[in-house]
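Hints are included, so try docking the two chains, each in its own frame, into the full complex.
Those protein sequence lines, which keep their order, are chains A and B.
Under numbering that gives the first Met the number 0, the letters of the first sequence match residues 0 to 243, in that order.
Under numbering that gives the first Met the number 0, the letters of the second sequence match residues 0 to 105, in that order.
Among the hints, erroneous ones may be present.
Unchecked claim - Straight-line Cα separation of at most 25 Å, DMTMM-like style, residue types lysine to aspartate or glutamate; simulated pairs: (1) A:K58 to B:E64; (2) A:K58 to B:D102; (3) A:K218 to A:E39; (4) A:K58 to B:D53; (5) A:K176 to B:E42; (6) B:K94 to A:D165; (7) A:K58 to B:D101; (8) A:K176 to A:D165; (9) A:K32 to A:E212; (10) A:K58 to A:E212; (11) A:K176 to B:E39; (12) A:K218 to A:E33; (13) B:K94 to A:E212; (14) B:K94 to A:E210; (15) A:K58 to B:E62; (16) A:K32 to A:E210.
What the hints assert, rightly or not - Derived CB-CB ranges, DEER-like: (17) B:A43 to A:V183: 41 to 49 Å; (18) B:R85 to A:P8: 44 to 52 Å; (19) B:R4 to A:A18: 40 to 48 Å; (20) B:L12 to A:P38: 24 to 32 Å.
Treat the hints as calculated values from the structure; they're not laboratory data.
Since the structure is predicted, the reported quantities are computational estimates derived from the model, not experimental observations.
The C-beta atom is built at its ideal place from N, Cα and C for all residues, glycine as well.
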Amino acid sequence: MHIAEGFLPPAHAIGWTIAAAPFVVHGARAVVKEVRENPESTLLLGAAGAFTFVLSAIKLPSVTGSSSHPTGTGVGAILFRPPVMALLGTVVLLFQALLLAHGGITTLGANAFSMAIVGPWAGYGAYRLARRTSGNLLVGVFAGMALADLATYVTTSLQLALAFPDASSGFLGAAVKFLGVFAVTQVPLAIAEGLLGVLLFRVLTVNARPELERLGVLKPLPVDDEPAPTAPHPAPREDDGVIP
Amino acid sequence: MTRRRWVTLVLVLGVVALFALPLLLGAPSNYAGTDTLATEAIEASNPNYVPWFDHVFSPGSTEIESGLFALQAAIGGGVLGYVLGRLRGRRGQRKQAAAQQDDVSP
Numbered sequence: 000m001h002i003a004e005g006f007l008p009p010a011h012a013i014g015w016t017i018a019a020a021p022f023v024v025h026g027a028r029a030v031v032k033e034v035r036e037n038p039e040s041t042l043l044l045g046a047a048g049a050f051t052f053v054l055s056a057i058k059l060p061s062v063t064g065s066s067s068h069p070t071g072t073g074v075g076a077i078l079f080r081p082p083v084m085a086l087l088g089t090v091v092l093l094f095q096a097l098l099l100a101h102g103g104i105t106t107l108g109a110n111a112f113s114m115a116i117v118g119p120w121a122g123y124g125a126y127r128l129a130r131r132t133s134g135n136l137l138v139g140v141f142a143g144m145a146l147a148d149l150a151t152y153v154t155t156s157l158q159l160a161l162a163f164p165d166a167s168s169g170f171l172g173a174a175v176k177f178l179g180v181f182a183v184t185q186v187p188l189a190i191a192e193g194l195l196g197v198l199l200f201r202v203l204t205v206n207a208r209p210e211l212e213r214l215g216v217l218k219p220l221p222v223d224d225e226p227a228p229t230a231p232h233p234a235p236r237e238d239d240g241v242i243p
Numbered sequence: 000m001t002r003r004r005w006v007t008l009v010l011v012l013g014v015v016a017l018f019a020l021p022l023l024l025g026a027p028s029n030y031a032g033t034d035t036l037a038t039e040a041i042e043a044s045n046p047n048y049v050p051w052f053d054h055v056f057s058p059g060s061t062e063i064e065s066g067l068f069a070l071q072a073a074i075g076g077g078v079l080g081y082v083l084g085r086l087r088g089r090r091g092q093r094k095q096a097a098a099q100q101d102d103v104s105p
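Chain B extracted, bound-state conformation (with noise of 0.2 Å):
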C-alpha cells in the first residue's frame, strides 16, 4: 500500500473512531440533540414564554422524520459522488488523450 493509501485510511478510521468511540465507552445516555436540548432549557429557564409560530409542515411521525433526512443526505451524497466521479474521469481522460498524443508526436 502506498503512503498516500495509509494516510487515507487513518483518516477515515479518525473519523469513525471520534464517533464510536463515544457510544463504546461513555456513559449510558440517549443522545438527545442539542437543538431539543436548548429548546427545554429555553422551557426550563422561560416558563412563561409561547412560542409564537409553529411548523408549516410537520413530518407526520419520527419516522418519516428521518426518512426525509435520509433523503436529504442522498441528495447531497449523490450530487456529491457525481462531481466527484465526473472529475475523475476527466482527468483519466486526459491522461489518455496526452499519451496518445506521445504516441504520434515522435
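Same shape as in the complex, but just chain A (with noise of 0.2 Å):
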C-alpha cells in the first residue's frame, strides 16, 4: 500500500497530505490524553503501536503469485478507537519512508489517509457490526483485523486510480486495474491478519482482563459473555512457569 516516493502528482500528495493532517494532529492529542488520562494504558497503547511495527515489515507471499504486508492497525483501533493509530501508523510510515525508501515524504499523507486513517475507521466499524451480531468478541476481532488490511490496500488502488485514471476506460477502467493488483493479493493476509487478531486478543482477555473492562472492551465478568478464557485448569498450570 506503499506508494513510492514522487508517483503522486504534487496536486494529489498536498491534496491528501491536507486531508491527512487534522486526523493525525487529532490522534497526537488522542494519544496523549489517552497517555496522561490512564497512565496503566501506556502498555497496551505500546503493544498497539508495535503491532503494527511488526506487521507492517513482514512482506508474505500470496495466491496471486506477488507479495504484499499487513498493516496490524485493527488492534489499536479496537483498544483504543480509530483516532489512535493515526498517529501510529504515520509513524511507521515515517519510519519506512526516512529509513527504508518504503513509501515517502511527498506520498505520506495519502500512505497515511489509507493506512491510519481509512484502515482503523473501517476495521473498527466492522468489529463493532460484527461483534453486535454475533455477540462475541473474537469474531468481531477477526473482522475488525481483516478488514482493516483490506480497506487500507482499496483505498491505496482508488488513490493511485484518481492520480492515474485510464486513458481509455478513465478513473473505473484505473480502479480495477490497481485493485486487480492490491486488493486480491491483499485477501489471504488479510485472513491471517484476522486470525493474528484473534490469537493476540485471546491473550489478552487472560492477561490484561482489567484494561479491556475500562476500555470497553470487555464487560465485568459476572456478566461475562466470553467462552469462557479463565477457565479454572489451565489457568493455574499457565502460571507454574511464570511465578518463580
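In C-alpha cells:
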C-alpha cells in the first residue's frame, strides 16, 4: 500500500497531506490524553503500536504470485478507537519513508490516509458490527482486523486510480487495474491478520482483563459473554512457569 | 491438551498454511511486491510521468534494506513481547497475592 516517493502528482500529494493532517493531529491529542488520564494504558498502547510495527515490516507471499504486507492497525482501533492509530500508523510510515526508502515524504499524506485513517475506521466499524451481530468478541476482532487490512489496500488502489486514470476507460478502468494488483493479493493476508488478531486478543482477555474492562472491550466478569478464557484448570498450570 | 490449547494450535497452523500453501501449490513466481507492481503499472500506462521527488535516503543494497526491515520487525516484536510478558507476570503476582491473603484470613 506504499505509494512510492514522487509517484503522486504534486496536487494529489498536497491534497492527501491536507486531508490526513487533521486526523493525525487529532490522533496525537488522543494518544497524549489517553496516556495522561490513564497511565496504565501505556503498556497496551505500546503493544498496539508494536503490532503495527511488526506486521507492516513483513512481506508475505499470496496466491496471486505477488507479495504484500499486512497493516496490523486493527488492534489499536479496537482497543483505543481509531484516532489513536492515525498517529501510530503515521509514525510507522514515516520510519519506513525515511529509513527504508519505502513509501515517501511526498506520498506520506496519501499513505497515512489509507493505512492510518481509512483502515482503522473501516476495521473499527466492522468490529462493532460483527461483534453486535454475533455477540462474540473474537468474531468481532477477526472481522475488524481483516477489514482494516483490506480497506487500506482498496483505498490505495482508488488513490492511484484517481491520480492515474486510464486513457480509455478512465477512473473506473484504472481502479479495476490497481484493485487487481492490491486487493486480490491482500485477501489471504487479511484473513491471516484476522487470525493473528484473534490469537492476540485471546492472550489479552486472560492477562489484561482489567484494562480491557476499563476500555469497554470486555464487560466485568459476572455478566461476561466470553467463551470462558479463564477456565479454572488450564490457568494455574500456565502460571507454573511464570511464578518463581 | 486442553481445548484452549487446541484452538491456539489450529489458529497458528491456519496462519502458516495461508502462506505455505501458495508457495507449495502455486505456479512458479518471483513474488514481486505489490508496491513495485503498482509502480510498474503506472510507468506502463503513463510513460511520460516523471517522479518529481526522490528518496531522502536509500539503503545502499537489498541486503541493507532487508536488514532494516528486520530491525523494524525486531523493535516491534521486542516491545510486543515485553508488554505481553509484563501483563502475564502481573496476573501471576496478583494470583499469588490473592492466594496468600486467603491463607491468612481464615
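For this session: Below or equal to 25 Å on CA atoms is what counts here, so check B:K94 against A:E210.
Result: holds (17 Å)
Exercise. Keeping to a limit of 25 Å between CA atoms, is the pair of A:K32 and A:E212 held or broken?
Worked result: Holds - the C-alpha atoms of A:E212 and A:K32 are around 19 Å apart, at most 25 Å.
Problem set entry | Restraint check for A:K58 with B:D102, where alpha carbons must lie at most 25 Å apart | It is violated: about 52 Å lies between the C-alpha atoms, which goes past 25 Å.
Exercise. Regarding the pair A:K58 and B:D101, is the alpha-carbon distance no greater than 25 Å?
Worked result: With Cα atoms ~50 Å apart, A:K58 and B:D101 exceed 25 Å; violated.
Problem set entry | Hinted pair A:K176 and A:D165, Cα distance within 25 Å | holds (9 Å)
Exercise. Given the hinted pair B:K94 and A:E212, is their alpha-carbon gap at most 25 Å?
Worked result: Holds, at roughly 18 Å.
Problem set entry | Supplied distance hint 41 to 49 Å, evaluated on CB atoms of B:A43 and A:V183 | Given about 18 Å between the Cβ atoms, the range is violated.
Exercise. A:K218 and A:E39: Cα distance at most 25 Å?
Worked result: Since the Cα atoms of A:K218 and A:E39 sit roughly 18 Å apart, the hinted pair holds (cutoff 25 Å).
Exercise. Holds or violated: A:K176 with B:E42, Cα cutoff 25 Å?
Worked result: Holds - the C-alpha atoms of B:E42 and A:K176 are around 13 Å apart, at most 25 Å.
For this session: With a cut-off of 25 Å on the C-alpha distance, tell me whether B:K94 and A:D165 pass.
Result: The hint is violated at about 63 Å.
Exercise. If you draw a straight line from the CA of A:K58 to the CA of A:E212, is it 25 Å or shorter?
Worked result: Between A:K58 and A:E212 the Cα gap is close to 34 Å, so the pair fails against 25 Å, i.e. violated.
Problem set entry | A:K218 paired with A:E33 [C-alpha distance capped at 25 Å] | holds (20 Å)
Going through the hint list in order, the structure does not satisfy hints 2, 6, 7, 10, 17 and 20.
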